[in-house]
Amino acid sequence: MKKFLTKIVLYTFFILLIGNGIAWLSLYFIGKSNLYKPQFVKNGVKEKHFDYVVLGSSTGLTTLDTKLIDEKLKTKGLNISMDDSALSSHYLMLQFFYQQQKTTDYLVLAVTPWDLANENPVLNNNDYRFLSERNTTAVREYYQTIPYEGFPVLKYATYFPLVGVSYYNTELFYPSLFTILKPEKRNRFDEKGNYSYPNLGAPIQAEATTTAMQFNNPYFKKIKDFCQKQGITLVLYQSPLYKNSVKSNAKDYFVNHSDFISVDSLFYDNLHVNSLGRTQCSEDFAVQFNTIRNANRK
Amino acid sequence: MFFNSLSFALFLPIVFLLYWVVFNKNKTTQNAVLIVASYYFYSCWDWRFLFLLVFSTLLDYFSAIMMENSMTDKKRKFWLWLTIGINLGFLGVFKYYDFFAQSFADLLHGFGFQTNPVLLKLILPVGISFYTFHGLSYVIDIYYKRITAERNFIDYSLFVSYFPLLVAGPIERATHLLPQVKIKRHFNFEKAKEGVYQIIWGLVKKVVIADSCATYANAVFDNYESMNSLSLILGAVYFAFQIYGDFSGYSDIALGTSKLFGIDLLKNFNYPYFSRDIAEFWRRWHISLSSWFRDYLYIPLGGSQGGMWMKVRNTFIIFLVSGFWHGANWTFIIWGLLNAIYFLPLLLQNKNRSNMGEIEMGWNISSVKTILNILGTFALTTIAWIFFRAKSMTEAVGYIQKMVTDFHFDSQYLSNERYNFELLFLVMIFVFVEWLNRTKVEPLSGKASWIKVTLAIMALLALGVYSDYKEFIYFQF
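From first to last, the protein sequence lines stand for chains W and H.
Once you know that position 158 of the first sequence is 158 in full-length UniProt numbering, the rest is easy, because the numbers rise by one and skip nothing.
Once you know that position 112 of the second sequence is 112 in full-length UniProt numbering, the rest is easy, because the numbers rise by one and skip nothing.
Take the hints with a grain of salt, since some may be wrong.
Said to hold, decoys possible - Below, a list of computed lysine-lysine pairs in the BS3-like style, where the Cα atoms sit at most 25 Å apart: (1) Lys7/W to Lys447/H; (2) Lys25/H to Lys3/W; (3) Lys74/H to Lys191/H; (4) Lys192/W to Lys67/W; (5) Lys2/W to Lys25/H.
What the hints assert, rightly or not - With the C-beta cut set under 7 Å, the calculated list includes, among others, these residues of chain H facing chain W: (6) Trp20; (7) Phe187; (8) Phe189; (9) Ile457; (10) Leu461.
What the hints assert, rightly or not - Heads up, incomplete: computed chain H residues facing chain W, CB under 10 Å, no partners named: (11) Met1; (12) His176; (13) Ala448; (14) Ile451; (15) Met458; (16) Leu460; (17) Leu463; (18) Val465; (19) Ser467.
It should be emphasised that the hints constitute simulated quantities derived from the structure, not laboratory data.
Cβ coordinates follow ideal geometry from the N, Cα and C atoms, glycine included.
Start from the sequences, fold in the hints, and give me the full structure.
Listed below in structure tokens is the structure:
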């Protein structure tokens, strides 16, 4: 019995040691790459100051093309949106962006009514992408405080990388092997952080509805406070939704594209536009954003 | 509490230490620890169903004693049928009532009668099919006087509720398990080591093979209308490995866990995908259920004693009941029927027992024939699995129809953002490892075992699916 328990304990210790070593290396190589948005912001973006940044989830990522907007307005923009994320992750991204000594005049926050209405935000699906940056204050605090559904993997991964790297092995371990050879590789976004859906897909037919924005999400207030503190002008952006018109009584600048597109062929699905839809949205956004900038200057 | 959950990883060492260190005084204290642990384990799903488990235990325990005490055959028969009736009654209400009510309403609808059946929509108590069969085997054995009734209630309770086998088998026999729980167990280093190896290998099968395959199989089955022939074939193959990895992985963890407590459980799988014909497949797949049906249904029905017609009839009954045992859906019944049809040619030619020995391989023609037989059997079972996996008959038929008529074999991008063929390499490695170790209980023991165990653990950490958690398939039965 004693022999069995001793062997089990020693072997477990050995596995934990080796496993954590490999996991640490894995995160080290990801941290040196441009693979996901946090690493891209840290390593791939050389500029320090931007006229505006677009921050949001997949709607922010795939609707506003900063290259096109910059071409129209002669500005310097960056898209730091991350798919499958929410306001809590956006707040983390914004903090992280500033901790990298980067600044912006405008924050274009791509929101969704259901995320804004969410009173109890929890960990988002792609928050693991910050794991290689676990030693920064913002990330560490976020992993410690955000509520988890189930086992708090990222909370413990801050101290034991093995926990996080094995749980998210497809997303962290395998990509880390590629980053050893190709650290400059980005995961589905261009050098300005944009991505677009192909001109395929179609929305599923739905009844026309109207949704009122409700600002219940505590992270929205955190973002607002952060902007105020850093002197950033906040611009809310609502991307096109298929047959869903969003109404808002927001006191911030608000570009509402919820019913901007009515042609089915410009949608990729009910929540996202395709590449053609993106061009239309970006061009119109450039016009409206210019108006906001002019008004703000006065 | 699932075997591949963190709570089980905490639960098992605690019970292990309590069992071997704190309550190791005698057999009664050992059994008491295991009963408390088993009830706690079961209550983690839904504590209300504990009453059902306790009731089933009491019913079988007292019926067996009453049966043994009965002076006449009539009384014995009464107790037997009472127990069978109540046990199957519970199973029927919880598992099959809605199916029969709905099917009857559909039948009436076919004749033009409009009915609105009352459906109970009950939650199925986890493991009910397993522990009901477990208890039934006991009372039937008592009735036929193969064993004597167990008078020690603690020992009998443990026989029914022993947590490694409680929710998904193996379906134990009183003749095998009861003698083991009736004596004090002594710690055996080699047995415990074997147990740990079997648990690790079971986890590899579940978390690495089954759950990875599930990701691909789900992506194909859920969108089968837009899939091409190659994706549909691969989807069916992935499901075949999903269900094998899932269920045999569960069984390995159950057997390994039990070995840690010094108790051997019945072997449930014996490399079924290396079977050379369908009869051999059923001797290697879910062995404890197949042998249960053989001993408690096939043989009482007359088995193979009454000539060819009797044999065929009984075989069809067994497979149909087996299909129905898995779930109240026509897809399971057709799956059973299909297996019976596969079995028929072997039965008619009296070849159903021609592949009884181990698979010998060499560089000769007979080996080529063996490999072709194995591939053929695998193809047949894979087609049958499509019915098992499909949500409805329409889906199953549509899937097969598209698979054999689409004729496009190019690589396809799936909804899980992977290409259809990507997992094949992992499946092939798994098959290769199993093939090399087909005469052993698991591949980790033997020479350089610590290297193999380390590799298996590394595979668990690097290849396991954790973020998209999947329950054991057989828990729903």
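Which hint numbers doesn't this structure obey?
-> 3, 11, 12, 13 and 14
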